[in-house]
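Asks: Chain by chain, the residues:
There are 2 protein chains.
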Amino acid sequence: MGGKQISENVISRLPKYYRYLQELEVKKINRVSSKQISEALNLTASQVRQDLSNFGGFGQQGYGYDVDYLKACIREILGLNTFHNAIIIGGGRIGQALANYKGFASENVYVRAVFDINVSKVAKIDGVDVYDMAELDAYVSNHKVDVAIISVQKEEAKKVAEKVVALGVKAIWNFAPIDLNFGSRAVCENINMSESLMRLIYKAKS
Amino acid sequence: MGGKQISENVISRLPKYYRYLQELEVKKINRVSSKQISEALNLTASQVRQDLSNFGGFGQQGYGYDVDYLKACIREILGLNTFHNAIIIGGGRIGQALANYKGFASENVYVRAVFDINVSKVAKIDGVDVYDMAELDAYVSNHKVDVAIISVQKEEAKKVAEKVVALGVKAIWNFAPIDLNFGSRAVCENINMSESLMRLIYKAKS
Chain G
1 MGGKQISENV ISRLPKYYRY LQELEVKKIN RVSSKQISEA LNLTASQVRQ
51 DLSNFGGFGQ QGYGYDVDYL KACIREILGL NTFHNAIIIG GGRIGQALAN
101 YKGFASENVY VRAVFDINVS KVAKIDGVDV YDMAELDAYV SNHKVDVAII
151 SVQKEEAKKV AEKVVALGVK AIWNFAPIDL NFGSRAVCEN INMSESLMRL
201 IYKAKS
Chain S
207 MGGKQISENV ISRLPKYYRY LQELEVKKIN RVSSKQISEA LNLTASQVRQ
257 DLSNFGGFGQ QGYGYDVDYL KACIREILGL NTFHNAIIIG GGRIGQALAN
307 YKGFASENVY VRAVFDINVS KVAKIDGVDV YDMAELDAYV SNHKVDVAII
357 SVQKEEAKKV AEKVVALGVK AIWNFAPIDL NFGSRAVCEN INMSESLMRL
407 IYKAKS
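Residue numbers (this note's numbering), protein chains in the order written: chain G, 1 to 206; chain S, 207 to 412.
Calculated from the structure, these hints are not laboratory results. One should not assume that every hint holds.
[As the list claims (entries may be wrong)] PhoX-like, lysine-lysine: derived pairs with alpha carbons at most 20 Å apart:
1. Lys-364/S with Lys-27/G
2. Lys-277/S with Lys-158/G
3. Lys-365/S with Lys-27/G
4. Lys-233/S with Lys-154/G
5. Lys-222/S with Lys-16/G
6. Lys-121/G with Lys-327/S
7. Lys-364/S with Lys-158/G
8. Lys-203/G with Lys-376/S
9. Lys-376/S with Lys-205/G
10. Lys-411/S with Lys-144/G
11. Lys-360/S with Lys-27/G
12. Lys-163/G with Lys-144/G
13. Lys-308/S with Lys-154/G
14. Lys-233/S with Lys-28/G
15. Lys-360/S with Lys-121/G
[What the hints assert, rightly or not] Beyond 10 Å from chain S on every Cβ pair, some chain G residues (computed):
16. Lys-35
17. Asn-42
18. Arg-49
19. Gly-62
20. Tyr-63
21. Asp-68
22. Gly-79
23. Thr-82
24. Ser-106
25. Lys-124
26. Asp-132
27. Val-165
28. Asp-179
29. Glu-195
From the three backbone atoms N, C-alpha and C, an ideal C-beta is built for every residue, glycine too.
Looking at chain G on its own, in the form it has when it is part of the complex (with noise of 0.2 Å):
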């Protein structure tokens, strides 16, 4: 990659097309075309090759892509081949729904710890350990932490995430319904579940 800045527009459509080549590796298809691509994702051929040329271009000229060398290329930028681990601040049923989400593995993303201010009411999961809020800074001084997922109330929400990035957590997963944003500090993104559902009802009515 050589620090080569990739648009944004772009980056949002990499886990499109690895998510598509992990289709195909189940079906066990070798190879694929820009063609076949941008069909299944409602992208343009063209769109398609421009995008994975931002990667060294990986197709040949009438045989299409390698399945497997494409997808290993794509997980190997997406950064999926190294272990990451994660917290989970916000113990309540989107929280715990995530602690107990095993789809993760496949992006090597592991949630380690759940923290609540009420311990007793976030059911016990295999191999995510539950800890009171007030253990939250010593955990994440003393662990290796490199996702934090924010599931606590808005009103709750920027504080704890400025919290943990002060701490050095470097990437916040956010799902209060508050955009957050950390600057250089730590990449933030945030899944606004209010915002989907307004835009679906405006569109319903359109």
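With the hints as your guide, set chain S onto chain G.
Replies: Frame of chain G, contents of chain S only:
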């Protein structure tokens, strides 16, 4: 609106305006300038003025926007003044978290029923009926269902969504890790957590 076409980008920002105006209302702030809105939402002031002018331009030079009036307008535009009945298909942890979430009431969306292949595993929720998946067709045929929330396994998602769309449901809110698209038959919003996590991991390593 008179059928005026609003761009996807503007639509995607409307919920952010709405949420910000809600916060101002809570703080009992009556007027707001495009500059203040732009700073709160990381947009430019001219972008804010342009977005809001799509809906008739409620701002007054030098006075800014009346918070209550602007919020009411956006609420109307978004369609949040209308009641919406929702059903959840898939009563796993994400489905149950959504069934329990009270926040949707502010968007006038009410979950009426949860469908699952294993009813006994779905916890009872006040005001929400739990049905066996086999009853889905009959339920949708006999009730007004505005939104179907899909939280089944990826392999089942497309089939079950196609079924309710065929039965007349016009809005699909999809949490399964697959992009659904129904063309002109129904609108859809996909919440793809796995893709969001991959983007986060990528950004964290860049």
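Asks: Indicate, hint by hint, whether the structure satisfies it.
Replies: How the hints compare with the structure:
no., hint, verdict
1, Lys-364/S with Lys-27/G, "holds, 17 Å"
2, Lys-277/S with Lys-158/G, "violated, 24 Å"
3, Lys-365/S with Lys-27/G, "holds, 18 Å"
4, Lys-233/S with Lys-154/G, "holds, 15 Å"
5, Lys-222/S with Lys-16/G, "violated, 25 Å"
6, Lys-121/G with Lys-327/S, "holds, 19 Å"
7, Lys-364/S with Lys-158/G, "violated, 36 Å"
8, Lys-203/G with Lys-376/S, "holds, 10 Å"
9, Lys-376/S with Lys-205/G, "holds, 9 Å"
10, Lys-411/S with Lys-144/G, "holds, 15 Å"
11, Lys-360/S with Lys-27/G, "holds, 15 Å"
12, Lys-163/G with Lys-144/G, "holds, 15 Å"
13, Lys-308/S with Lys-154/G, "holds, 13 Å"
14, Lys-233/S with Lys-28/G, "violated, 57 Å"
15, Lys-360/S with Lys-121/G, "violated, 29 Å"
16, Lys-35, "holds, 18 Å"
17, Asn-42, "violated, 7 Å"
18, Arg-49, "holds, 20 Å"
19, Gly-62, "holds, 29 Å"
20, Tyr-63, "holds, 27 Å"
21, Asp-68, "holds, 18 Å"
22, Gly-79, "violated, 4 Å"
23, Thr-82, "violated, 7 Å"
24, Ser-106, "violated, 8 Å"
25, Lys-124, "holds, 14 Å"
26, Asp-132, "holds, 22 Å"
27, Val-165, "holds, 12 Å"
28, Asp-179, "violated, 7 Å"
29, Glu-195, "violated, 4 Å"
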